Amino acid sequence: MTHAARRGNATFGVLLVLIGVAIAILNAVALRPGAGTQWTQRTEHVHTLEDGTEVRWTEHEAVSVKEGREMAAADQDAAPLLSRTLGLWGAAILTLCIFSFLLGDNPLYKAAEAIVVGASAAYWMVIGFWETMVPNLIAGLFPEWTRSNFMPRLSEDASVDFLLLIPLALSVLLLLRLAPKIGWISRWPTAFIIGVFCGLRFISSLEADFLSQIGPTIKPLIVIGENGFDLESSFSNIVLVLGTLACLVYFFFSVEHKGAIGKVARSGIWMLMITFGAAFGYTVMGRIALLAGRFEFLFDDWLWLIDPKDAHPAQAFLQTIAPMLM
Amino acid sequence: MYEFLRDLDRRVIFSLMALAVAVPILLQFTPPEKATPIVRDAFETIEALDEGDRVYMAFDFDPASAGELQPMATAFVRHACEKKLKIYFTALWPVGPQFIKNAERDVISRDFPDMVYGEDFVDLGFKTGNEGVIKLVSNDLRTQYPQDARGTPIDDIPMMESVASIRDFDVIMNVSAGYPGTKEWVQYAVASAPDDVKLVAGCTGVQAPLLYPYYPQQLSGLLAAIKGAAEYESLLLGKYGRENEPGIYQEGLRRMAPQLSGHILMVGLIFVGNLVYFMARKRGEA
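Chains as they are written, first to last, in our numbering: chain D, 1 to 326; chain X, 1 to 286.
Rather than coming from a laboratory, the hints here were simulated on the basis of the structure. None of the values given here were measured: they were computed from a predicted structure. Each hint can be trusted.
Straight line, CA to CA, 27 Å or less: simulated BS3-like cross-link-like pairs of lysine-lysine:
1. Lys83/X with Lys34/X
2. Lys309/D with Lys101/X
3. Lys239/X with Lys101/X
4. Lys101/X with Lys83/X
5. Lys66/D with Lys309/D
6. Lys84/X with Lys34/X
7. Lys101/X with Lys66/D
8. Lys84/X with Lys101/X
9. Lys34/X with Lys239/X
10. Lys83/X with Lys239/X
11. Lys34/X with Lys309/D
12. Lys309/D with Lys84/X
13. Lys101/X with Lys135/X
14. Lys84/X with Lys239/X
15. Lys309/D with Lys239/X
16. Lys83/X with Lys309/D
17. Lys219/D with Lys263/D
All chains should be modelled from the sequences, with the hints used to inform the complete structure.
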């Protein structure tokens, strides 16, 4: 593809995203007023600290638009929330930006990709600090300070655990990788991590993926059930046993694959090909399910074209005409 | 015709796939589903439990696979609630807790408002460490989870009383998008006590071929991809369905119509692709 064609595709992709957003705005303003809004029910909380200070905060519980409007009519504290509505529109627009990559790389796709990567990295960092560093390390080394600053419900009996200095030291050594001259020291904690996981995996893989798999492969080739000969189970067992043996023969390279061995090995390849085909079929199924999930989000939550969850105030247009078309 | 197919722009294929998936969604067509034995076994494993039995619900997935796995997670939670089981939510993926909150909001609060936090269900939250966590909870859960996701010490949570390790649960229900997930639960939890630990799982399509060998010895039942979710939902609807069934409990079933049309298109494209290849070979172009 020439540079000009690539540029044309990119421009076309950006244009399609902009047209999609324009249509959605028109839809929300004129065709289905309020489409894409997010409603929440507000609950006020008050907590009094030991020194008498009152801490107040508001909790927003997401509700469907239909529920929200009913609550608002019944004088309950429910209303559209701008921040969540912007979040929904952001999610929808970013979905379109990612889809635009199918037409070619373009600035909107690049922006969406950067946002995903940045948000994921930030999320991991925050989760890593609050879910790992604070409860597993800081709380163990400085329990009093952690209780008064981060974890008020940390047990009063918690004492300093000096053993945690070992993982702390290993973590620091791991970070030395960033210093080129003494980066080699980071190999020690790396070796420790690899050693631990090798030990863990060796036992579990041997038990779960080898020893436990032998029994289920030893099956009767002729199954006699309550009603006599069971054709389906017998066929299934024959395929399982012969298929396993054929695949094993294919990976047995000590004997040249000629004559009878060659034919069995060849049938082993066929078995593997069928397995890969099934895996590909499952992958296609997975990808279509993800695409369907995104489409349903766009059509239901954003555009209100459909209403499978009975969440919108009025019956969706396409839901009304669908029975006539089917 | 040959030239047309050979030079077919990939954007035409993308557009056809978009139409094949979008049209059934817009028309809200739902094909009937019949459960396969592997899904039925998962369902029956939960059905065989008694009121008050404990289920360990591990949500090991993220938004990237929610389109496939959210229907399974919802169906698992609903089934546990209908059976009045005690649910212990956990997550080995950092965004798992968000899906636990969604399940609490969309299923428990909405349709089972009598369930009490701490007595009927508890959120133990996310725990980092991948299979290391599974290995540890297999022997000592209390050290690994000294408090729940809300910061309450587990000694103060009534339903945590007499829970020491994973062996104290009647079934582990795992929704898995990859590593760590069902494979690790089989390798570390089931392998540690094959007679004491039962596992049912829901997984992505990509994982399914890797997990089938574990059934039925190491895995009591498996919901493979969205098809497994739809079959499980059909069993749930058959047993616990009611009038005006909320749409959230039919998400998997709804996604089967796009699957049908998408797969028909895919089969057609593979056929046409092969046809073009053999025609090209015959003409000496390949």
